[in-house]
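Q: These are the residues of each chain, in order.
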Amino acid sequence: MSFQPGRMGVAEGMALVFVTTFTSIFLTSWPLAIDSATTATWMLSLINGLIGIGVLYSQAYVLQNTSGDLYAACQELVGVVVTRLIAVYYIGIYLLDACLLLRQFAESTLLTALPELSFEIAVGWYVFLIVLILFIGIEAIARASYLFLPMAVLIVFIVVALLTPQYQFMYLAPWNGPGFPNVVMAGIHSVGLNMGILIPFILARSFQNSRTIKNSVLYGFGLSSFIKSLTLAAYIAAFGTGAAREKVFPFYEMARLVYINRYIQRIESLIIFLWAMMGILNVAIEIYIGLYLLGRLFNLPTLRPLIIPTALILAELAMFPGEIGSVIAFHHKVHWSFYNIGIYIIPGILFAAALLRARRRQSC
Amino acid sequence: MNIFSKNFKAFKELVVFQPTQAPPPFVVEETEKSGSTTTQEQTRLALEEHEALLRYARRVAITLEKVKNTLAEPAPNEKLASLRAELDALSKQKAHVSPLISTYSLTQDPLDQPVSTSLEENTLALEQLYNLPYNKDLVLRNITIPSSIPIVATLAFIDGLVDNNIISQTILEPLMSLGRENRDLIRGDTAPQIAARYLPSSQVKPAFFLREVTSGLNLGDTAIFFDGAAEALIVETKGQEHRGIDRPALEQSVRGSQAAFSETLRANTGLIRSLLRTNDLVTEILTLGTRSNTLCAVMYLKSVINPALVQEAKFRINSINVDAISESGTLQLFIEDHPMIPYPQALSTERPDRVAAALSEGRLAILVDGASFALVAPISLFTLFHGAEDFSFSWLAASFLRLIRLLGALLTILLPAFYIAINYFHQEALPTDLILTIGGAREMVPFPAIVEILSMEFAFELVREGGIRVPGMLGSTIGIVGAITLGQAAVSAGIVSPITVVIVAVTGLASYAIPDYSLAFSIRLTRITFEILAAMLGLVGLAGGLITIIVLLCGMKSLGVPYLAPVGPKTTPGYDMVIRGPVYSQELRPDELNPKDRRRQSSVARGWTQEAPAGKKDGS
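Those sequence lines, one after another, are chains A and B.
Count the first sequence with our numbering and you get residues 1 to 364, in order.
Count the second sequence with our numbering and you get residues 1 to 620, in order.
Rather than coming from a laboratory, the hints here were simulated on the basis of the structure.
Each residue gets a CB set at the ideal place from its N, CA and C atoms; glycine is no exception.
Each hint should be verified, as a subset may be incorrect.
To be verified - Quick look at which bits of chain A chain B covers, simulated, 3 or more residues with Cβ under 8 Å:
| id | stretch |
| --- | --- |
| 1 | 109 to 118 |
| 2 | 261 to 270 |
| 3 | 274 to 286 |
All chains, please: the whole structure from these sequences, using the hints.
A: As structure tokens, this is what we get:
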């Protein structure tokens, strides 16, 4: 099948996971999470990380006891029909996420960088770039993501460091929070934000071996969780929960708050580089995964003819909602509910099936 | 004729069409396909066949006359032997002009025809192949080799490609000037005997077909045809005029070798071999171009290089079907992985030391006869930022220089686009004082920033191009004077702001830090695209351009090796890519090349650090 990318290593896998799980920091998902965890929102990301590691090891076990990728493992463990249903679910999840992200990044372009720009042009521009890089291939996208990874981490650290004079560490005091059990529950619910951790398992055939997959998820997701947690802590420490939950683009607001002296201030324009690139990469990766699964589902020889129609359909869908508020609310809702099926239930079923099969084999 | 008539005539001439009296201009006519090709071909074949038979008949008549004269009176043995030899040659020629063989050979490609036993036929064939008498390059020289039976021979060579002294000393003198007493050549085996006994040249090889003969002639060798022999001898007499080994013109270095390639292939391969004196260094010679027959050398270290790379390079070169290639740059365009992307996918260098260093890393070099630049492949983008002196400097200095070059490339790509984006859309990114200064400077300028930048860059490119074309020292002077005058005049005239001049000047200067000319050109093209994107969409446009170009570069390959290695994909660093480590720590060859021998030096390259100093080995 010609849509199979070439061999990818830990660096590529790590970058794919990092980009798809970290980009939420630029959007409204985390300010909305403050409603549930208030001052302890920064812990949500760490709890997500711990759950993600559990998913990682369960799926690694599944792959070790089957052959090929997640799709092939499904076929082996739960049969063709259920596999198709699962594939349809994941296609829906990844394409829906790509569509919602596209809308939010286009809106954020209008709100933060180009207020005079027509909304359709913003969406069209992103779609054009996404189509262009999708034609180059996932391998190149993953490698480019790996190149951006240190830059992203460095910029986040710089912004967090430059905000030091603004911090009120009392905003992070645990007694202002909702209580540990509630925070843990919120962490369990919000894990759907990290659907990207399954990408190396879906593209398993392109990776060198199962250890590469395991390491790439571990490092990529670990780094992403840690930096998200740090950023959220800095965000809450700088704004307090009251103001923080009001903001639409947390990282942009953090950059905007930077004032060291009259030469180092208002650096938010420069941060546009970061979120625009991360956004484009994230949407492109998710569209690719959706199309890849579509290719596996229908046994298609190539993905290329699907790229432009899919991107155009997603762009049209992204422009459907009348206002951004409903998009953000919907995205938050699906993150905390519908996406969790893909993180808990399906991997759980596969893990249980793999375990059962292994025990049966042992007993035989 | 009154004034009315004159005016009427002038008006009439102006308005009314009159056919021109001048001869019709030259227009190349289109070739029309004729339906009678077969008939024409048949007529040509019949004509040539008859001509060959006529030539044979004339020779028979002359020989019979000679036989009659010789036998009329008692003849010495020598004369009889000569006569016998001539009759032998005649009988061999008869075999060639039999109608069946003649028709068969005439329908063949002329180059595939065998060397004839008749000197006349060979001469005619060469005259036809080389378009004599219009073509003055081919020289045909008839000689008689004195021996017990004198042998008539014809020398053929191309004037300008041969060394006349070599021809005189290694062919004419041994064959003609020496006494006939020592010569006792057996008829029928002439060519091998002469090659073995009388030609002192280092390389003499037989040729049985005209293709071998022309191939030798085109390379500067001399062909010798012997009457009655169905083979020719190709004697090496190459002596083409060429430029000597000079200093590098474009890749000058503060330290390191000061030799550069010239236009002669063998001199260039010799230069590389002089730096890598090992039997492991292989030079494979391939031929390029169906008409130019240009020689091309593929060089590599057999025990180091990944064999797949050599195989692929040779496959690509051999598969080129083009009439002429005379430059390594043209060859590069034919064999590179992504011909639609302007970023260079092979290193073009005029320095043998750089080629030798690349070969020892496990890369291969391609040299083309007549080109003074060698191609090195596969490469990564970072290889193009390496300078010749990097290998001679301390690792700190070399790394610093490489970072400066990378920074120069980044500035070249981003600075003007960044200025445009901030000027148009993101003024808040600059401190108030600075934005007021820029605003004040631009107040009187009637054009938008993008027009300012593009027009200044256009002027800068003109100055750069003009500087290259104007010969000698005058070029750089014109460049400097042109840039200063243009900049000052444009600012004084209020066409551009001083800040634009500063930005374009810094960008131009930074672009000179990029060592590779092709890369610098590609970066300039990218910069213009980024400027347009920045003018349309500000930093969002610039970010889009940047991500596209990086993904594009990540997807590129150079002879199958990732273009952004060792960072995209990440491979084990060899400490000589972006940052150059100390020479003794560069233990491994680049991982991405998958060389046969990964280790470049032992883990302790400086053995002396592990032992006592030379004078204190005895413990004193």
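Q: Decide, hint by hint, whether the structure agrees.
A: We went through each hint and held it up to the structure:
Only residues whose beta carbon comes within less than 8 Å of a beta carbon in chain B count, and the stretch 109 to 118 of chain A has 4; three or more means the coverage holds. Coverage of a stretch by a chain is defined here by at least three residues with a beta carbon nearer than 8 Å to that chain's beta carbons; for the stretch 261 to 270 of chain A and chain B the count is 8, and the condition holds. Here's how the stretch 274 to 286 of chain A fares: 4 of its residues keep a CB closer than 8 Å to some CB of chain B, so the rule of at least three is met and the hint holds.
Hint compliance for this structure: no hint is broken.
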